[in-house]
Amino acid sequence: MMQPNSRESRITRKFRGASRPWKTIKLFSLPIALLSVTVASGCKPTQTSPLTPSAEVSNVERAKPQVLITVSISPESRVKAVAEDIAMELHQGDWKDFLIEIENAAGITAPLVVESEQFLQSDDDTSRDRWLQFELQPHGALTGMRNEVRTLRLKSRDSGIRTTILNFNAGQGTQDLGFRSDVLVTFKVQEK
Amino acid sequence: MPLVERVDAQPLLVITSRLSEAMQSIGAPLTPEQIETLNLLKKEPSDTKITVSIQRMLDPLCVASVEIRADGETIVTPSEPVDLAENGWRAMLVKVVNRAGVQSKLRVDSPNARPIPHGPKDDIDNRWLALSMYDGRPLNANLSGLELEYRIVQLSSTTVGNRKARLEFNAGIAGSANSSVIRQWRFDKDSDGWGELNDLEMVVRSQSLFLRANGDDPFVSVPVSARGGRMVLRFWGRPDGPGVGQVFWWTEQLPQADGGRQMVFQLDPGSDREYAIEFPVEGDLKGVRLDPLQGPGRFRIDWINLEYAAGENGTWNGADVDIRTVRSTKVKFAVTDSDGSPCMAAFEIRDDQGRVYPYPSKRQAPDFFFQTQIYRESGESIRLPRGKYTVKCSHGPESIVQMQTLNVGDDPVTLNYQVERWIDTAKLGYWSGDHHIHAAGCLHYENPMQGVLPKDMLRHIMGEDVKVGCCLTWGPCFDFQKQFFSGKPDDVSRYPYLLRYDIEVSGFGSHQSGHLNLLKLRQQIPAGGNSNRHWPTLGMNTLRWAKQQGAVTGTAHSGAGLTRSVGRVEGTDGPHRLPNFDIPAFDGIGANEFVMQVTHEVDGPDGIKQPAIDFIATMNTPRETEWNIWYHVLNCGHHVVASGETDFPCMTGERLGIGRVYVKLEGILDYDQWVEALRRGESYVSDGTSHLMDFEKADDGSFSLTAAAYKPGEAEVDVELIVNGYPVATQKMKANGKMQELRFENPKPERSCWVAARIFPSAHTNPFWVNVDNKPVSVRASARWCLAALEQCWLEKQKTYAPAEQPQARLDYEHARKTYQRILNDAAE
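Chains A and B are the protein sequences, given in the same order.
Here our numbering is used: the first residue of the first sequence is 1, the next is one more, and so on.
Here our numbering is used: the first residue of the second sequence is 1001, the next is one more, and so on.
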């Protein structure tokens, strides 16, 4: 289905003002002593670039976040992403928050993961094609609820026009077929 | 064409690479040399050199360039003459020099592409062209705003010879001074002003307008004001039946719709596409009426735009392009199996530039737009333009792929293909099947409503030589596809190819427990409703209902939810991490509640207890997940068998039958007998490239089997004997397609065990159970794993069960908990 226009989001409205859908995993009934289980994961507050971004929170643009991407998880657990038709603008070196709306028809509780070849890999990464720093908040398991919202924070190292392909998945092999799990987004990045 | 001196290389390279992927996906790939050039440019430091090189490479592929000036005006420059094939589609590029940095949609129009119905008589001969921009994935619908980029336009001609086509382009932005868009209607909240219904019901759902006509004169209308001129009503939609639609309009001067102001358009049943209906408005427009159908039926509309037609607005500009259209020629197929009997086969047809025929993105069922191949049998035909083609011919994985050269001239030609097999398992008593395919949803359509028909699915199972296709109706298309359930193989079946409709619990009911494949159902829907909104939420309750009617039950895409690890129990991982002792998250829709279900027996149709779940689906998710959980429950003595599936076209749209089960059946193929033999495990699973037949235990305790593998590029494969999940012996086998008799010495088990053979990752037998001292199979480490896995599953799934089913869920998990605890207590180290 084509969806060519920007829109007022029903999911965003639903969650506006509500607390974020955090979830904590505990293996409360596991016979740990007997089984020597190592709990390896759970809900983490953020998925981030391998950098140290959190000290720069003061630079976050305070404007009301826009919905950047809608992520749909089909009943067959296929993850599809659609970029909204909004003005994609960043300011070089400043964080900006966008919203990700998630429609989880499968009701799965796997973590939502965002990946991109344009994400910076270190503080001194000088690769031309890697220019984008990100945080996904909260990062971790989906709630299993039909609708939820997460925040994607983005920051550009460069100015000018920059393009990224953002890929979304909820575990190995969940990307939808036909390039539908990723979105091509072009930003106009104002020079600092 | 205008040249751009320099743009930032980073976005240009990403967008151009994306364009290359789009060309590949629509069957018009760049050449290997062009792709290599693009890859080399990624290492080039100079933005200027990259900008120039990309133009040098892609400008010759363009039908025109469109320069968008800073003031929004467009200048169109034609290319060299373009070659088309009669009634065949071709993808070309449009170079966009975007001086204004606009990020709107580039539109194309042509007086030569206007509709013929109701056109002026003296203009009919001039309407010989069809064209549309390709704005689908992986491209963005809108321009990027970069000063240089390329877009894809698709062209087709109905008339042979040399002609000039007027191509006009517009890149206006709605609401701007240069815009040609009068009004956009979007349906994310409501009908956005469309109303005044007659003979139809209108529902807004999933950002679409769903129209259901229930009378002979259905229409819907909307008030809209604009100055007069030639206008185009554009919308994206999908009617479910054939016929024509109509557009009426009225003005301030003549404020009622009447027959003197109407345009007719042809419906394209079952297809998602953009409709563009041009109409002249004399006076000031005040309203538009859309008659989507001529009688009862359905029509889904995703969006509607009203725009001025080309020439009515300053932003539209064009140029004449020379088009040379060559005649296409009939190509007939003559297809036989290796024994000379007629059969269906797969054909992938490419020209010397790698372009795929028929053009994929304009295909309709039975040909699928997401595949490169088509399926044809003797007597059928297609049309191809003159030229030389390479045709890849195949008939499933038991055939040897043939590459043929096809020369097409002016006279009809026949493509002869006789299948060459490296194995024919049916002649050896093993009948292939794919227990999980779909006729709707996933890749069939973006927004599944109906899907394709049984005859379309039969063509695909015949072409891939899948003897039994289990076509499963599931959530998004349920109310349409449910009509094909009959409790027996569908009437379109052509022996020995059987197509039967059953159910996958997906998108409704207990789907969050892990999807269930329910085969051989007698009743498709539980009592209490006639759709999918009243089903149990506990998978065990779904199984209780299915088993009471004698269904054969199993999981689907088993590895889903088992890929992420949340912990680990003590144990020694085997090769290929089989088995492994990581505890999966159980956060998906695969074999999740399965770890509980295998411990249960439920009432069968005669009241006799039988296992709640018969098989675990394999061959379409990571083996270290799906085979691992299978090994662990086998190690706890649960006699669950493996079956093979594709989940086409959800896990993949490449083809069905990628995952298969080969079921041993003497005599003729009968569906009920086939599925019962599957349930008993008289079968092996495979991707079709490896076969493990007649796995048996001799009196001396040794195991024998007949095996074969055909893997071009691989000299040999390892055939492993597996005992309780670990390989205990390995034999090398040539992967040359020859049948080979293998024998493994007695593994001398000290305790009861299960024994199987496998060729990782492409084939696995079902287990042979070895009884020692009348003790059940019980492996302590696996019991420990199952117990931990059960708790993790309960943690994840409990919240998905309806309150009314919570007490039963607690009882069911508690039963499983006690079962595994007992096995753990009784098992030897």
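Wrong hints could be hidden among the right ones.
[What the hints assert, rightly or not] Examples of chain A residues toward chain B, derived with CB under 10 angstroms:
#1 98
#2 141
#3 149
#4 192
[Claimed, not checked] List time: in silico DSSO-like cross-link candidates among lysine-lysine, alpha-carbon distance up to 30 angstroms:
#5 B:1488 x B:1775
#6 B:1330 x B:1388
#7 A:192 x B:1697
#8 B:1427 x B:1488
#9 A:192 x B:1043
#10 A:188 x B:1049
#11 A:188 x B:1043
#12 B:1664 x A:188
#13 A:192 x B:1042
#14 B:1697 x B:1427
Hint data in this document are derived by calculation from the structure and do not stem from the laboratory.
Yeah, the Cβ is synthetic: ideal placement off N, Cα and C, and Gly gets one too.
Quick rundown of the hints versus the structure:
1. 98: Cβ of residue 98 of chain A sits 16 angstroms from chain B, so the hint is violated.
2. 141: Check passed: Cβ of residue 141 of chain A comes within 6 angstroms of chain B, closer than 10 angstroms.
3. 149: Status violated, d = 16 angstroms.
4. 192: Status violated, d = 17 angstroms.
5. B:1488 x B:1775: Violated: residue 1488 of chain B and residue 1775 of chain B sit about 40 angstroms apart, past 30 angstroms.
6. B:1330 x B:1388: Holds, at roughly 14 angstroms.
7. A:192 x B:1697: 76 angstroms, violated
8. B:1427 x B:1488: 24 angstroms, holds
9. A:192 x B:1043: Within the cut-off at roughly 27 angstroms; holds.
10. A:188 x B:1049: Holds, because 23 angstroms separates the two Cα atoms, which is no more than 30 angstroms.
11. A:188 x B:1043: 24 angstroms, holds
12. B:1664 x A:188: With Cα atoms ~62 angstroms apart, residue 1664 of chain B and residue 188 of chain A exceed 30 angstroms; violated.
13. A:192 x B:1042: 27 angstroms, holds
14. B:1697 x B:1427: 23 angstroms, holds
Hints 1, 3, 4, 5, 7, 12 from the list above are not met by this structure, while the remaining hints are.
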